[in-house]
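A.B. asks: First to last, the protein sequences are chains A and B.
Position one of the first sequence corresponds to residue 186 (the working numbering), numbered consecutively onward.
Position one of the second sequence corresponds to residue 8 (the working numbering), numbered consecutively onward.
Hints are supplied without guarantee of correctness; some may be wrong.
SDA-like mimics (lysine to any residue), calculated; alpha carbons at most 20 angstroms apart, straight line [what the hints assert, rightly or not]:
{"hint": "1", "chain 1": "A", "residue 1": "Lys202", "chain 2": "B", "residue 2": "Arg104"}
{"hint": "2", "chain 1": "A", "residue 1": "Lys202", "chain 2": "B", "residue 2": "Tyr109"}
{"hint": "3", "chain 1": "B", "residue 1": "Lys131", "chain 2": "A", "residue 2": "Gly193"}
{"hint": "4", "chain 1": "A", "residue 1": "Lys659", "chain 2": "B", "residue 2": "Thr59"}
{"hint": "5", "chain 1": "B", "residue 1": "Lys111", "chain 2": "A", "residue 2": "Val195"}
{"hint": "6", "chain 1": "B", "residue 1": "Lys111", "chain 2": "A", "residue 2": "Tyr191"}
{"hint": "7", "chain 1": "B", "residue 1": "Lys131", "chain 2": "A", "residue 2": "Val192"}
{"hint": "8", "chain 1": "B", "residue 1": "Lys49", "chain 2": "B", "residue 2": "Ile231"}
{"hint": "9", "chain 1": "B", "residue 1": "Lys111", "chain 2": "A", "residue 2": "Thr1233"}
{"hint": "10", "chain 1": "B", "residue 1": "Lys150", "chain 2": "A", "residue 2": "Gly193"}
{"hint": "11", "chain 1": "A", "residue 1": "Lys1337", "chain 2": "A", "residue 2": "Thr1233"}
{"hint": "12", "chain 1": "B", "residue 1": "Lys111", "chain 2": "A", "residue 2": "Gly193"}
{"hint": "13", "chain 1": "B", "residue 1": "Lys22", "chain 2": "A", "residue 2": "Gly661"}
{"hint": "14", "chain 1": "A", "residue 1": "Lys1337", "chain 2": "A", "residue 2": "Leu1237"}
{"hint": "15", "chain 1": "A", "residue 1": "Lys268", "chain 2": "A", "residue 2": "Ser501"}
{"hint": "16", "chain 1": "B", "residue 1": "Lys111", "chain 2": "A", "residue 2": "Pro567"}
{"hint": "17", "chain 1": "B", "residue 1": "Lys22", "chain 2": "A", "residue 2": "Val1037"}
{"hint": "18", "chain 1": "A", "residue 1": "Lys659", "chain 2": "A", "residue 2": "Leu648"}
{"hint": "19", "chain 1": "B", "residue 1": "Lys150", "chain 2": "A", "residue 2": "Val195"}
{"hint": "20", "chain 1": "A", "residue 1": "Lys659", "chain 2": "B", "residue 2": "Asp81"}
{"hint": "21", "chain 1": "B", "residue 1": "Lys131", "chain 2": "A", "residue 2": "Thr1233"}
{"hint": "22", "chain 1": "A", "residue 1": "Lys338", "chain 2": "A", "residue 2": "Leu408"}
{"hint": "23", "chain 1": "B", "residue 1": "Lys22", "chain 2": "A", "residue 2": "Ser667"}
{"hint": "24", "chain 1": "A", "residue 1": "Lys203", "chain 2": "B", "residue 2": "Tyr109"}
{"hint": "25", "chain 1": "A", "residue 1": "Lys504", "chain 2": "A", "residue 2": "Ile279"}
{"hint": "26", "chain 1": "A", "residue 1": "Lys268", "chain 2": "A", "residue 2": "Asp257"}
{"hint": "27", "chain 1": "A", "residue 1": "Lys659", "chain 2": "B", "residue 2": "Glu86"}
{"hint": "28", "chain 1": "A", "residue 1": "Lys202", "chain 2": "B", "residue 2": "Ala114"}
{"hint": "29", "chain 1": "B", "residue 1": "Lys22", "chain 2": "B", "residue 2": "Gly249"}
{"hint": "30", "chain 1": "A", "residue 1": "Lys749", "chain 2": "A", "residue 2": "Leu733"}
{"hint": "31", "chain 1": "B", "residue 1": "Lys132", "chain 2": "A", "residue 2": "Tyr191"}
Label pairs and their in silico Cβ distance ranges [said to hold, decoys possible]:
{"hint": "32", "chain 1": "B", "residue 1": "His21", "chain 2": "A", "residue 2": "Leu735", "range": "30 to 36 angstroms"}
{"hint": "33", "chain 1": "A", "residue 1": "Leu683", "chain 2": "B", "residue 2": "Arg66", "range": "29 to 35 angstroms"}
{"hint": "34", "chain 1": "A", "residue 1": "Pro656", "chain 2": "B", "residue 2": "His21", "range": "19 to 25 angstroms"}
{"hint": "35", "chain 1": "A", "residue 1": "Val1288", "chain 2": "B", "residue 2": "Asp81", "range": "56 to 62 angstroms"}
{"hint": "36", "chain 1": "A", "residue 1": "Asn682", "chain 2": "B", "residue 2": "Leu26", "range": "27 to 33 angstroms"}
{"hint": "37", "chain 1": "B", "residue 1": "Arg128", "chain 2": "A", "residue 2": "Val192", "range": "14 to 20 angstroms"}
{"hint": "38", "chain 1": "B", "residue 1": "Val267", "chain 2": "A", "residue 2": "Leu683", "range": "39 to 45 angstroms"}
{"hint": "39", "chain 1": "A", "residue 1": "Val192", "chain 2": "B", "residue 2": "Thr73", "range": "37 to 43 angstroms"}
{"hint": "40", "chain 1": "B", "residue 1": "Thr73", "chain 2": "A", "residue 2": "Trp745", "range": "51 to 57 angstroms"}
Bear in mind the hints are in silico, worked out from the structure with no lab data behind them.
Since the structure is predicted, the reported quantities are computational estimates derived from the model, not experimental observations.
Where a beta carbon is used, it is the ideal one built from N, C-alpha and C, also for glycine.
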Amino acid sequence: MKIGTYVGLVVRRLWAKKGILIGSFLGATLVTALLVVVPLYQSSVRAVDLHFSVRGAVADELDMTAFSTMNDYSRALGDSNRKIVLGAHEQWLIPYYPTIEERSQTREYAVIPTEVGADSDWFALAQEWRETLEALEEEDVPEDEWPSPPYPKPPREATQVRIFTAPDMESRLVVADGTWPAPLLGTPIPEDAPLPIIVGETVAELTGSGVGSQFFLRPFSGLPNVFEYVEVAAVVAPADPDATIWGVDDPSAMVYLDQQTFDIWTGRISIDRDEDPWDRTYRGFDAPTVTQAWRMPLDGDTVTLGELDEIQSRISQFKAQVAKEAGGTIPTSTFLPLLIDAFSTRSVVIGGPILAMLALVVGGAIYFLVYTAALTVEREGPDLALLKSRGASSWQTVGIHLGQAAVIAGGAALVAPFVARFLVGVTGRIPPLSDLTGGGPLDVTQVSSVTMWLVAGALITFLAMGVAIIPYVKRGVLELRSLAARPGTKSVWQRYNLDLFAIVLSFVVLFQLSQRGFVNMTGDEATLDPLAIVFPVLILFGGALIMLRLFPPLLRFVGWAMTKSRSMSLSLPGWHLSRNPIPYGRLALLVWITTGLGAFALTYAATLEQSFTDRAAYAAGTDVRIVNQQAGYLDVPDGAIGSPVLRTDGAPRRSGRRAEVLAIRPASFSEVVTWRPDFGSDDPADIFLLLRPDGAAPDVGVELPPGSTHLQVDAVVVPNSLAEEAESGIPNDDYRLFAKVIDAKSRLWTMMSDGDITPTGWRTISIDVTDGMNDFPTPPEPPLSLHALWIERSEGVGLGVREDSLLMSDLIAVTDTGSEAIDLGEMSAINDLVIRENVTADTAAAKRFSAVPDGDPEPTESQIESSPLYRSGTATMWSVTPRPRANTNVPQLRRIPDDIRVILDHEAAAIAGLNVGEASSFSIGSDVFNGTLVGFVDAVPTMTDRRRQGAMIVDLDAISAWTNGAATWSVTGALSRPEAPQELWMATDSVDATIRRVTAQIGEEPDQLWTIGKVSASFSSRPVQVGLVAILFVGAIVAIVLALAGVTGYVLLAVARRSREMGVLRALGFGRRGVATTFAVEQLVVVGLGAIIGVIGGILLVVVMLPFLQLGETAVEILPPILLEIPTGTLVAFSLSIGVMLIVSVVWATRKVSVRKMSEVLREVER
Amino acid sequence: MPPVIEAENLIKIHKQGNLEVVALQGLDFFMESGEFVSIVGKSGSGKSTLLTILAGFDRPSAGSVTVAERDLVDISQRELTGYYRHEVGFVWQDFTRNIVPYLKVRANVELPMLLAGVGGRRRKKRALALLEAVGLRNKAYSKVGTLSGGEQQRLALCIALALGPKLLLADEPTGELDTETSLEIYELLRGLSHDSGLSVLVVTHDVALAQRTDRVVRIADGRISTHGRFGQEELIAIDQRGMVQLPRDMLIESGIGDHVRVKLVEDGILIQPEERDE
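The task is simple: from the sequences and hints, build the whole structure.
C.D. replies: Here you go:
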């Protein structure tokens, strides 16, 4: 056969059937375009993400650096290294790293002043030494007994400097004083002349030197004779104080030499030993330890997307060349490849599910193609029969069809790249990707693999269309003629139960995946398990086939129900549906797949978006979270609700496996925390209020009366007797009274009495409770609770309190309006403190006068009673066994805290083996306390510390009394820093204003500031995922449009096939409209059921895909877990839109057929 | 010269669901080369079934059939294609089904030659000659949609004759045409048969038109019908369920009505009219 004529026949067939084949062309274009989208989009988004990673990166991270540290630096070595690095730079990096900065710096040198003490200097010492040598020489003392030369030695706290040089030094520094010395190259220096140097301002300041000052520089380690006598020629400062120069922290702390001088003076400069005060034969720093470094800055803003791959390649080439030529002595580094690698992991983890989803769309579109092709072949039955009857062989029949498919697939392959580019480009306009692209289209990065995907697309579409002819190849003329009227029934899938097999297989794959995970990590490289892509495709495929099996019985049932209607327009289609439901399966399946894809895309997008919101909320914890020292004590602005939080670590049952601990105020925390019901309860209060079942704050001490300003007590130290005093002097027994007071903010205040308790007589001492020794920013806030009382000797270390040494009256709280005695009954004496009540108050006086020195008269009663030590009535005796003060617990009167209620997450509870209601010991930091497990929680926002195992929640106020309540020796020792809540969680409608007001209290930027918006913006993977979902959605919309075309075509065909039936109905007296309605209802029931199943199926598919989404960008499970989010409103709108479109297409198609003339229809009947 | 068609004892059973319909039951048919024969019969008599078997579109359930020395019972798919190309031409009743609508008139005639690999120049020459013969030369480059029914059927004849078959089969070729045009077509067929020695077999239910052929064969109940005679013996197929379809002529002649009396005799089964109680 002549190929040209044959092709002409194919083309003429195509042109004649363009109406029906246009659907195939669109489908083929979609499939191929979506396949091409995969590499294009991946490369484009990857490039965009990298690009912005590059822009967002710290400059130092992008720069290429090379350095070499040599212990025996020499000019030759330096030149060799320079040649290697500059050569490799010129060869590989110039286009992207156009400049190169070089610097060399030595290890630390000590600055040694010339003076030695006030009266001498090193030169004088050297001169003396020389004179000594001369004397010894004259005395013929052997040389080995001569003293060593007095080389300059650094003072005890010598200033350290590094000697630095760089070619561009003069442009980076400005001379503050003096003049820049001329290079010393070739200029001989007199043996005793100092080396002119330039010093940074800091060096000048630290050494107290200026222009003309002289000193020695000597390495901290090295030979003692290697030092240099230098003179400051100039003092310099950085030209731009804010700019980082050569990556040096403090450029002013350097000693500078120009490059030539540096190179000369790091070698040996021979001198006449007789001219040198220390008898040296050479000067110079001689083979010092020098680090030679090069920095090649990359301007992230100028890097274009297409260059990234090449930059990566050039970096590799540069590194390889330097490594090879320098033999590994010049390490090179840049973080750029790391940034790229990190993204690679990210793109695998994120890209995997998306690839799977694209596979679904492609699968759907392929099905559409096969379906359309099958429809076309059926419709072409008579045509094929004619060809065959005219002598066309089987191969010729197939060839014509395949030629047709090839032309369509080829045409699609030509158009697809443009469609793909458009699809990829348009995502750049969708937020949040538009934030990165500035609202313009995404710059599409061409990759070579596109061709491969294009060919694959063309092949797949060709096969998908071509395969439809296969079942008909061997059919006879008569069979082909009847094809259009009697399409096939039961599919091969059902005949051999392949649908059930596919479903079973997909679950086997799912089980495998759940066992081994979706992502394989090989070293640092993450790869997606191929099964992870196979699974969703398999389940979609199997599900679709199962639906084909289930749909006929469903349709039969619906049809049967419709036959019960009295309306002919319902019962007739019902009869038809229930009689022969199988052929409708394909139509329903098409609708199901396409609406399913739409529902899937919408549900997936909503789920993903909700997850991003949830993740941001989880990471932030609340609207505004400020982390700073004592942030929990900051005032909360009006309009916001605040809750202080202490974050620390601890362990249930003193387990060695530490849990993350949050100490919270249950009520306010419940109000501010971002919560999701799956964290443990519908309302966070249901869980957190378990910490305070009665709602009241924990009883942490003796509450002071409102308005208390002071605590007051009369006290006296029991003195020695007069006789003892005469013998051993007056004891140093002054004491002070200390108190721990807890204020309304749960701050533990340490407060000290204003005066000493002395052995000289009863004194009234008071503790000011309106202020404390701590450095809290605001004064104590009432109500105040007295938590602990203790006494300390006023000064020094040594023994603590003596036994039976202190008498005190009742403790009184002084208020603005009067005073009130405080009952200390609920406090306990611990750590060897013994308190004896109702001791006679005259004990001190009695002791004083119990013994008088020999010869002194016994005191009279009136003398005793008039003594300041005397007091009538009773008092309280504080007694402590003598003990060393250091490293011992403080004897104290303390309110022992109640047992603490604890909430654990399941992990921590499992580790400790605790159940609700069970008491145990717990630890927080190093403090151990008794507690009871009162409830479980599944997750608490912000508790993401993966180094800890499990989470533990306690009451902040209760735990403060445990962790900070113990008295500490504090008069002369450092006041222990209490564990203060370092976080303030705030719920607010005006985030910015709240942040401003709160940070104003701190006076500087807080250590950390968390807001939901800020966290959300930091999700670098978000643009990628949203972009891909956008593509998915666009694909789904195209698929839906195709489906509509398919449905219309199918209905046209299905109704046209039944024109005989239609004619009979018309002949029986049915009106046109009646006939149209009957047929439309029939088709609508099918597509309606298909659409409903599709939407449900789409949602179920997201459920199936959820495990894929649980992996974050670093292949670690996302917190909190992603939950299914069904966008009900959007889905209803989507379903209604699809419904309307389907109704219109079905009604249009049925109407088109039903309006045919009666004569025409009946004529068809005759045939 | 051997007969162009030799069909002996042809049986064709169609399955329609669970029901088996015997379309041909032991039909014998012979046709000499160059004959112009018509087959007449009522609807459902089996004439179209016979034609599709002779065309190679369908195969008999039993019996033998040879057309132009080709055995159509055991013919392979490959041989069948050759048979379609070189031995037989076919014209359907529905003239639109004879023509490829998107090809122009000449291209339609050339199509079988194209499929058979005939060169372009020969194709064109032959096509124009055929069109000339049927009076459509001036329509050679027209679209087929512009042709009248008669013209389309004449075109169908051209297509069927494109590769010079030995036998032309036509199933009600004038079924959708008026009398005048039908007569034209028959004259054309007669001319082709007599002038070029083409064997033509036409199926029709129009007895008047059939009279214009050389020989009229009547088919009834799937067999060649002769008027019933006593002593006539027929071979009748028994279907899978043991059902036998008796010839209507015999039933009428024997006076058998709704019921028969069946009696097992020594050498077979005797079927007699039911004896009615007067």
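A.B. asks: With reference to the structure, classify each hint as holding or not holding.
C.D. replies: Against the structure, the hints:
1. For a cut-off of 20 angstroms, the pair hint linking A/Lys202 to B/Arg104 stands: about 16 angstroms separates their Cα positions.
2. Restraint check: the Cα-Cα separation between A/Lys202 and B/Tyr109 comes to about 9 angstroms, which is no more than 20 angstroms; the hinted pair holds.
3. Taking the CA atoms of B/Lys131 and A/Gly193, the gap is near 16 angstroms; set against the 20 angstroms cutoff, the hint holds.
4. Restraint check for A/Lys659 and B/Thr59: satisfied, since their Cα atoms lie roughly 17 angstroms apart, inside the 20 angstroms limit.
5. Between B/Lys111 and A/Val195 the CA atoms are separated by roughly 14 angstroms; this keeps the pair inside 20 angstroms, and the hint holds.
6. With a C-alpha separation of about 15 angstroms, the suggested pair B/Lys111 and A/Tyr191 falls inside the 20 angstroms cut-off, and the hint holds.
7. For the given pair, B/Lys131 sits about 18 angstroms from A/Val192 by alpha-carbon distance, which is consistent with the 20 angstroms threshold.
8. For the proposed pair B/Lys49 and B/Ile231, the alpha carbon gap of about 12 angstroms is at most 20 angstroms, so the pair holds.
9. At roughly 30 angstroms between alpha-carbon atoms, B/Lys111 and A/Thr1233 are farther apart than 20 angstroms, so this suggested pair is violated.
10. Proposed proximity of B/Lys150 and A/Gly193 is supported: the alpha carbons are some 16 angstroms apart, at most 20 angstroms.
11. For the hint pairing A/Lys1337 with A/Thr1233, the CA-to-CA distance comes to about 11 angstroms; that is within 20 angstroms, so the pair holds.
12. For the hint pairing B/Lys111 with A/Gly193, the CA-to-CA distance comes to about 13 angstroms; that is within 20 angstroms, so the pair holds.
13. Only pairs whose Cα atoms come within 20 angstroms are accepted, and B/Lys22 paired with A/Gly661 is accepted, the gap being roughly 16 angstroms.
14. Of the pairs offered as hints, the one joining A/Lys1337 and A/Leu1237 holds, with about 8 angstroms between alpha carbons and a cut-off of 20 angstroms not exceeded.
15. A threshold of 20 angstroms between alpha carbons decides the hint, and for A/Lys268 with A/Ser501 the separation of about 19 angstroms falls inside it, so the pair holds.
16. Our distance criterion of 20 angstroms between C-alpha atoms is met by B/Lys111 and A/Pro567, whose separation comes to about 18 angstroms.
17. About 142 angstroms separates the Cα atoms of B/Lys22 and A/Val1037, which puts this hinted pair outside 20 angstroms; it is violated.
18. Our distance criterion of 20 angstroms between C-alpha atoms is met by A/Lys659 and A/Leu648, whose separation comes to about 19 angstroms.
19. A threshold of 20 angstroms between alpha carbons decides the hint, and for B/Lys150 with A/Val195 the separation of about 18 angstroms falls inside it, so the pair holds.
20. For the hint pairing A/Lys659 with B/Asp81, the CA-to-CA distance comes to about 16 angstroms; that is within 20 angstroms, so the pair holds.
21. Using a Cα cut-off of 20 angstroms, the hinted pair B/Lys131 and A/Thr1233 is violated, with the two alpha carbons roughly 41 angstroms apart.
22. Restraint check: the Cα-Cα separation between A/Lys338 and A/Leu408 comes to about 11 angstroms, which is no more than 20 angstroms; the hinted pair holds.
23. At roughly 15 angstroms between alpha-carbon atoms, B/Lys22 and A/Ser667 fall within 20 angstroms of each other, so this suggested pair holds.
24. Distance hint between A/Lys203 and B/Tyr109 is fulfilled; the C-alpha atoms sit about 11 angstroms from each other, no more than 20 angstroms.
25. For a cut-off of 20 angstroms, the pair hint linking A/Lys504 to A/Ile279 stands: about 14 angstroms separates their Cα positions.
26. With a C-alpha separation of about 18 angstroms, the suggested pairing of A/Lys268 with A/Asp257 holds against the 20 angstroms cut-off.
27. Pair hint A/Lys659 plus B/Glu86 holds up; C-alpha atoms about 13 angstroms apart against a cutoff of 20 angstroms.
28. Under the criterion of a C-alpha separation no larger than 20 angstroms, the hint pairing A/Lys202 with B/Ala114 is consistent with the structure, at around 17 angstroms.
29. This hinted pair checks out: B/Lys22 and B/Gly249 have alpha carbons roughly 15 angstroms apart, not beyond 20 angstroms.
30. Of the pairs offered as hints, the one joining A/Lys749 and A/Leu733 is violated, with about 25 angstroms between alpha carbons and a cut-off of 20 angstroms exceeded.
31. At roughly 19 angstroms between alpha-carbon atoms, B/Lys132 and A/Tyr191 fall within 20 angstroms of each other, so this suggested pair holds.
32. Hint check: B/His21 to A/Leu735, Cβ distance near 34 angstroms, so the stated range 30 to 36 angstroms holds.
33. Taking the beta carbon of each, A/Leu683 and B/Arg66 are about 32 angstroms apart, inside 29 to 35 angstroms as hinted.
34. At roughly 22 angstroms, the beta-carbon separation of A/Pro656 and B/His21 lies within the given 19 to 25 angstroms, and the hint holds.
35. Restraint check, A/Val1288 to B/Asp81: a C-beta distance of roughly 59 angstroms satisfies the suggested window 56 to 62 angstroms.
36. Between A/Asn682 and B/Leu26 the CB atoms are about 30 angstroms apart, so this pair conforms to the stated range of 27 to 33 angstroms.
37. Between B/Arg128 and A/Val192 the C-beta distance comes to about 19 angstroms, which sits within the given range of 14 to 20 angstroms.
38. Take B/Val267 and A/Leu683: their Cβ atoms lie about 52 angstroms apart, and the range 39 to 45 angstroms is violated.
39. Checked against the given bound of 37 to 43 angstroms, the beta carbons of A/Val192 and B/Thr73, roughly 38 angstroms apart, stay inside it.
40. The hint said 51 to 57 angstroms for the Cβ distance between B/Thr73 and A/Trp745, and at roughly 53 angstroms that hint holds.
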